[in-house]
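J.: Following the hints, complete the assembly by docking chains B and C with the ligands onto the known chain A.
Heads up: the protein sequence lines correspond to chains A, B and C, in order.
The first sequence begins at 1 in the working numbering and counts up by one.
The second sequence begins at 1 in the working numbering and counts up by one.
The third sequence begins at 1 in the working numbering and counts up by one.
Each hint should be verified, as a subset may be incorrect.
Stated by the list, open to error - Cut-off 25 Å, straight-line C-alpha distance, at most; resulting in silico cross-link-like pairs (DSS-like, lysine-lysine):
#, chain 1, residue 1, chain 2, residue 2
1, B, K86, B, K211
2, A, K85, B, K86
3, B, K225, A, K99
4, A, K85, B, K137
5, A, K126, B, K176
6, A, K99, B, K137
7, A, K99, A, K115
8, A, K113, B, K176
9, B, K67, B, K211
10, B, K67, B, K107
11, A, K139, B, K176
12, B, K176, A, K118
13, A, K121, B, K137
14, A, K121, B, K86
15, B, K104, B, K67
Don't read these hints as lab results, they were simulated from the structure.
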Amino acid sequence: MFAKLKQVLSVAAKSVAMVAVALLISSATSHAEEKKAQAGYPSWGPQFTLPKSDNKCVHDPDFAKTGKCVRDTAFMRRNHMELLKHKRDRTMRQGIRTKDSSLQNCINCHVTKDKADKAIKVSNPKHFCASCHLFVAVKLDCFECHRSTPETPKGSASIPKIPAHSNLLAANTDEAKNLKNFLSNHAKEGVTQ
Amino acid sequence: MSNISLKDQYINKTRRDFLKKAGAGVTTAMLASGITLMAYPDPALAREPNEGVDPTKRWGLLIDVNKCTEDCNECVTACSQENGWKLDGNPAVDSQWIRKLKIKNPKTGFEQTFPVMCQHCANPPCVDVCPTGASFKRADGIVLVDKHICIGCRYCMMACPYKARSFVHEPLEDQKSHAPRGKGTVESCTLCVHRVDRGDQPACVDRCATKGHGALMFGDLNDPKSEIAKTLATYATKQIRADLGLDTGVRYQNL
Amino acid sequence: MALPIAYSSINSGKGFYATLALLAGFIAAGAAAFLYVEHHGHVVTGMTNQIVWGLPHVFAIFLIVAASGALNVASIGSVFNKKAYKPLSRISGVLALALLAGGLAVLLLDLGRPDRMIVAITTYNFKSIFAWNIILYSGFMAIVGAYVYMQMAKGMEKYKRPLGILAFIWRLALTTGTGSIFGWLVARQGYDAAIMAPLFIAMSLSFGMAAFILVVKYTGKATGNLLGSKMTWRMGRLMGIMAAAVLYFTTVRNLGNLYAAEHAGVEEFILFSGNIFTKLFWFGQILIGGVLPLVLLFAPNKGESSSRVTLASVLIIIGGFAQLYVIIVGGQAYPLVMFPGMEVSSSFQDGVVASYMPSIYEAALGLGGVAISLLIVVFAMMAFKLLPRDMSDAALDPHHAVKAK
Ligand code: SF4
Ligand code: SF4
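So here's chain A without its partners, still in its complex pose (with noise of 0.2 Å):
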């Protein structure tokens, strides 16, 4: 019994530290990826250069006049999440209901339109978040509860007309142009940003 005991114990001794290499090696290649999106070049997704990061909060309640995010991009991608649930909290917990860093308000700015102008849900691979998500494998929650279009009842901001990241777009810079080309090409498959 005890040899077969110790066969087992071995085997779950194992995969313990099987899964433990698997965690350390990924833990370390995501270092050197984020070290990468700090230098600059994204490991992943489109590619244009990120804009360099200040790590700066741009607060502007109306994002959608001036194309900033809330905070900037590579910030964004890592730590968007963290700012959805705690403002998710503060919300649902204590009616915070503040713009920044609101769900409703990320899906006000970035916006996917289809030919008709219409905007994409989240079952649309091109959906912003679903685009990103999809190709990271890592399951979107929110929808399941949160619609993933604007709304545009009486009396609320309507559907922004300028398009998210109209600042990059404007400036001369070889960002910018990766950008437009992007756009362009995503563009061509019938979908506008």
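T.: The following block gives chains B and C with the ligands in isolation, referenced to the frame of chain A:
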């Protein structure tokens, strides 16, 4: 709150002042038009988006059963439109946040109809039984389901004495932005918390008033100067199943 | 002191692979049903906003309740120091663990958001009896696991008894907790009664014993290591006493409900006018699950019979399912009383007896849970030496066997 810039604070301040003036205007206008049950919006009740809920308040409803007519279903429709749930031909599984109930005394034949929704209990059994803490009571007395952590065990539905809760049986999309709801979680009347937080009253109360019935009154039960507290102090009112001692936030008059 | 008992593991026997295949088939069907419901939502099940807990909960609660009862034999052996039961403590502990695992699997897989199981395990609302149950269940797993380990490890004799006692106390708490899930529901006229806790303890003792007898007898038969008929009869009689206790508490509960005006309505519904629930109550729970087994086990001048014990165990399990169905589903089908003495109607089925038609998915999920439990038992018997090499009366209890001669 430290996140809020000075500029925002300034904007908020001017907005608050404006609201106060505007609110006063609305109140006066309402009094002039003679709709006595519209005790709200009250300028003092408007709250800034960056302020948390006020624990000194306890929001509640008073339903005057005599003013509620049998063939009217407006409060239910208003809620459905506001919050995006609908009866889709399968009443056994479709969500119903609010419903019209008809009771009949079999001995006398006397009938009454009135809406029933989550009673926003002060001692809510749904909150007591919820294993994860997804069901919770806000500091201002509004009972909500935090769908971020609800596991869909439905124990709260077993525990609620008013059948106030529904389980979402099917996948949904295109929900209202202010009323997220999703498959596998439990939901119920939120007292239109998104409206209350911006200083409005629940959609059902609004609709009932604009349809000229004025059977629903919304307000702060804790504030002796509020219309609802004054009415409660003056007239006989009831809580459904008061014997359970849940101290409901929804009260009934002439029931 | 008799010779030490020799134990052995199992990896063959009559119908060994057929049994494995059958169990795997049920588990596969259960898994498919789970995925289907998870994808489409609970709309494809028979459960509604009126019957929020259905067939899966009947299965889950049956398994959980039986789990604590399956520990009977181990408790009698170590807590009450009955020698003949000691050799069977290992399998008793393992069966308890397996039944609990199967029951919890069904319960968790029926959640609206099974993907959030981790939330269920990591965030507690300590006011909720449900959360307490999760702690009770995990504790049960740990304690019984340790207990079984002590049984098998060398030199651990001195820990066996204290752990056995701890396990005994813990399982009483566990069953009380499970019963209280219902007893706590003040608003539901069908459940609100303190008697639910002792009723559930009695149920656990009898269902668990029945499951234990069937599993051990079946394994013995398949491996040609028959359980001694004296031992079978002793356990059968014990089970009979527990079944009688269930009948007793059922009577007390129902009579009590008839007297309490508040509960009279639902009681009248279950006992007389509830149609399917009335039938299940009288034929399933009372006749099949109570009276018949008692007749089989206690009828005078019939002598001892091992096969009558088997039959009685099967009947008790059938009756147990009927009983839980009546309690769980029947208690919800009867309309909630919000306005005593009034006739109530609405679009939300107020004042109407709710109907419930379990779907194939719910049944598959429940049966899958049973199969999980049994498969765990089989695997455990393969991996560890759980059963005494010889289960005859002479080997289990030489003293008793000699006396009987
Ligand atoms: S009415 Fe029901 S759902 Fe609402 S707070 Fe009371 S127990 Fe909870
Ligand atoms: S269904 Fe959700 S809200 Fe209700 S008791 Fe379970 S976890 Fe809590």
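J.: Compare the structure with each hint and give your call.
T.: Here is how each hint holds up against the structure:
no.	hint	result
1	B/K86 with B/K211	holds (21 Å)
2	A/K85 with B/K86	violated (29 Å)
3	B/K225 with A/K99	violated (33 Å)
4	A/K85 with B/K137	holds (20 Å)
5	A/K126 with B/K176	holds (22 Å)
6	A/K99 with B/K137	holds (24 Å)
7	A/K99 with A/K115	violated (29 Å)
8	A/K113 with B/K176	holds (19 Å)
9	B/K67 with B/K211	holds (12 Å)
10	B/K67 with B/K107	holds (23 Å)
11	A/K139 with B/K176	holds (22 Å)
12	B/K176 with A/K118	holds (17 Å)
13	A/K121 with B/K137	violated (33 Å)
14	A/K121 with B/K86	holds (21 Å)
15	B/K104 with B/K67	holds (17 Å)
Going through the hint list in order, the structure does not satisfy hints 2, 3, 7 and 13.
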